[in-house]
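Student: These are the residues of each chain, in order.
Number of protein chains: 2
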Amino acid sequence: MDAVNHQFQLAARPVGLPKPSDWHYAEVPVAEPGEGEVLVKVQYISLDPAMRGWMNDGRSYIAPVGIGDVMRSFSAGEVIASNDPDVAVGEHVGGLLGVQEYAVAHGKGVFKVDTKLAPLPVYLGTLGMPGVTAYFGLLDIGKPEQGNTVVVSGAAGAVGGLVGQIAKLKGCRVVGIAGGPQKCSDVVAQLGFDAVIDYKGEDLDAALTEHCPDGIDIYFDNVGGEILDAALAHLARHARVVICGAISQYNSTTAIKGPANYLSLLVNHASMTGFVMSDYLDRYGEAVTEMAGWLASGQLISREDIAEGLENFPDTLLRLFKGENIGKLVLKI
Amino acid sequence: MDAVNHQFQLAARPVGLPKPSDWHYAEVPVAEPGEGEVLVKVQYISLDPAMRGWMNDGRSYIAPVGIGDVMRSFSAGEVIASNDPDVAVGEHVGGLLGVQEYAVAHGKGVFKVDTKLAPLPVYLGTLGMPGVTAYFGLLDIGKPEQGNTVVVSGAAGAVGGLVGQIAKLKGCRVVGIAGGPQKCSDVVAQLGFDAVIDYKGEDLDAALTEHCPDGIDIYFDNVGGEILDAALAHLARHARVVICGAISQYNSTTAIKGPANYLSLLVNHASMTGFVMSDYLDRYGEAVTEMAGWLASGQLISREDIAEGLENFPDTLLRLFKGENIGKLVLKI
Chain Z
426 MDAVNHQFQL
436 AARPVGLPKP
446 SDWHYAEVPV
456 AEPGEGEVLV
466 KVQYISLDPA
476 MRGWMNDGRS
486 YIAPVGIGDV
496 MRSFSAGEVI
506 ASNDPDVAVG
516 EHVGGLLGVQ
526 EYAVAHGKGV
536 FKVDTKLAPL
546 PVYLGTLGMP
556 GVTAYFGLLD
566 IGKPEQGNTV
576 VVSGAAGAVG
586 GLVGQIAKLK
596 GCRVVGIAGG
606 PQKCSDVVAQ
616 LGFDAVIDYK
626 GEDLDAALTE
636 HCPDGIDIYF
646 DNVGGEILDA
656 ALAHLARHAR
666 VVICGAISQY
676 NSTTAIKGPA
686 NYLSLLVNHA
696 SMTGFVMSDY
706 LDRYGEAVTE
716 MAGWLASGQL
726 ISREDIAEGL
736 ENFPDTLLRL
746 FKGENIGKLV
756 LKI
Chain B
426 MDAVNHQFQL
436 AARPVGLPKP
446 SDWHYAEVPV
456 AEPGEGEVLV
466 KVQYISLDPA
476 MRGWMNDGRS
486 YIAPVGIGDV
496 MRSFSAGEVI
506 ASNDPDVAVG
516 EHVGGLLGVQ
526 EYAVAHGKGV
536 FKVDTKLAPL
546 PVYLGTLGMP
556 GVTAYFGLLD
566 IGKPEQGNTV
576 VVSGAAGAVG
586 GLVGQIAKLK
596 GCRVVGIAGG
606 PQKCSDVVAQ
616 LGFDAVIDYK
626 GEDLDAALTE
636 HCPDGIDIYF
646 DNVGGEILDA
656 ALAHLARHAR
666 VVICGAISQY
676 NSTTAIKGPA
686 NYLSLLVNHA
696 SMTGFVMSDY
706 LDRYGEAVTE
716 MAGWLASGQL
726 ISREDIAEGL
736 ENFPDTLLRL
746 FKGENIGKLV
756 LKI
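The listed protein sequences derive, respectively, from chains Z and B.
Numbers 426 to 758, taken from our numbering, label the letters of the first sequence in order.
Numbers 426 to 758, taken from our numbering, label the letters of the second sequence in order.
Okay, chain Z solo, but in the shape it has when bound:
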């Protein structure tokens, strides 16, 4: 095979927001799949806030991307060559295939997806990592009960939008926090949240008092920083805070801002629990099956924000951190 593979390699560890010189756009030969491996033509690349963490050095739940390595990403595409008898050419698969046009992966390291059930990008969103994150983060850590008040930050994002919808399915009152009028009207009108707070235009503390008169039973945090701190000040007794992300802090060049109101956990006998989806890999199918059912019955809406062109990867990634996407941000190759 003589075809050319374009890929984004990590050229330098970013300080703050990733800049163009942190990337190297490389042209390499398409690799041959070895024993048990498959060759995938990548069609969609997922853009996730977690990618920013993978670019940093230091101990985390997953090793950092090495300098000179292809940038790690969840991607999905079509198998075009296979040395794994269980994976046929023409099947669609997803996995950690990287920011590139062609990926070689172990057949056992990818998961098959059925594009007759849902379009490919949905397997990177609602039926992929963000969906499984929302599902277990809310249900397993948040433990919603009928009538609970659930507050979700990053409500217009891939995870937040699903958390709110699943909470509604469980009989909760759901208040979203998002930035800007378009996202906010969207969260209520499209996703069915009971209320929304525009953190860019409203006094967060006053709005939480108004929308959560009995306090917050579950706060699902995707953003960290001042929004987390404001939510902590409004916890109800025995509240559960799910720490799923902290997008406001990922590009910070100064010290992370710790939640000064953490003693609200003490006076309210509340908990704050961190969550990474990788702990639930063995239960992935459980979440995907139930959410596919909700999608099929129209109880859950999946939204993708689709950009195009591998060469636009660096700029598209920045859209995440500028809060410009509504729903799951993916790049079509």
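Hints are supplied without guarantee of correctness; some may be wrong.
Treat identical chains as interchangeable: a pair holds within one or across any two.
[Said to hold, decoys possible] Dumping the calculated BS3-like pairs for lysine-lysine here, alpha-carbon to alpha-carbon at most 30 Å:
#, residue 1, residue 2
1, Lys747, Lys444
2, Lys625, Lys444
3, Lys595, Lys568
4, Lys593, Lys541
5, Lys541, Lys466
6, Lys625, Lys682
7, Lys568, Lys682
8, Lys533, Lys466
9, Lys747, Lys682
10, Lys747, Lys757
11, Lys593, Lys625
If you are wondering where the hints come from, they were derived from the structure by calculation, not from laboratory data.
Given the structure of chain Z, go ahead and fit chain B onto it with the hints provided.
Tutor: Just chain B now, with coordinates in the frame of chain Z:
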């Protein structure tokens, strides 16, 4: 009854450490017990870090002490008059009897203690609020398992010293954090901790690396501030952080310092849970019974630091915040 009752009333809400003018030392007549009430001659007053919080205005797990009211405290003494048929004169009781020589309380609002089983001050420490706090905070929130590494701050204090001893009884490796050589040697030699870190004399981060090479499974926090932050950076996977107190922050006149390393919860799928003993009032007896058994068999050591004289209450309270006490600080009247 014409006797005189001396008491400390809250005169002003302190800013920072309570100062003499925040108190009013009052001389009032001893009150007559009404229907169902008892009159208690107070013999011991408990000094607890939580008292500082009770002096502040604002929403908490318990109402603030009102200006002009007698200062709230756990106290214990002898019943000298009773209008409750279930409580006899001569019996010893404990309860929220306040910083005073004589207290009138509802008979159902005090608990009887048996001074033949343990001396009265022990019922304000190991068999009182600090003991029940240590017991449920560690066992119910921390959930220790054989072989876990448990780190306890405020290790020489009333709660911390018990947490470490109970963790040892459960088969854990226990590392204390305390301030100064005397407290530190004491924590190992007297209480049987496996190791201790002197936060005043050692580099906390390096010492945690040395003593917790596999990370911290349970961190029981009584102090907050920089020590909490350092511990968060050393969590093991699925660690449990018990937030019991934050004595380093109670007298702060600037904003509370939030734990900047809280995202360690995320990468380690760890939890941080607040705890107040009042949630466990219905299980108080369970803790006291088991701990009384451990005391009787010598498996648990109870230590009291006994000051004398009601008039010394303000200065004795400050000893808590200066970290001068070893074991449970009580005031003998």
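Student: All hints are to be evaluated individually against the structure, with a verdict given for each.
Tutor: Hint-by-hint comparison with the structure:
1. Lys747 with Lys444: within (14 Å within a copy, 49 Å between copies)
2. Lys625 with Lys444: Answer is within; shortest intra-copy Cα gap is 25 Å, inter-copy 42 Å.
3. Lys595 with Lys568: both (10 Å within a copy, 29 Å between copies)
4. Lys593 with Lys541: Result: close within a single copy only, 27 Å intra versus 58 Å inter.
5. Lys541 with Lys466: Answer is within: at 18 Å inside a copy they meet the 30 Å cutoff, but 80 Å across does not.
6. Lys625 with Lys682: Answer is both; intra-copy 19 Å and inter-copy 25 Å each pass.
7. Lys568 with Lys682: both (27 Å within a copy, 29 Å between copies)
8. Lys533 with Lys466: Within. Shortest intra-copy distance 17 Å satisfies the 30 Å Cα cut-off; inter-copy 75 Å does not.
9. Lys747 with Lys682: both (19 Å within a copy, 28 Å between copies)
10. Lys747 with Lys757: within (20 Å within a copy, 62 Å between copies)
11. Lys593 with Lys625: Close inside one copy (25 Å), not across copies (50 Å); limit 30 Å.
Comparing the model with each earlier hint shows no violations; every hint is respected.
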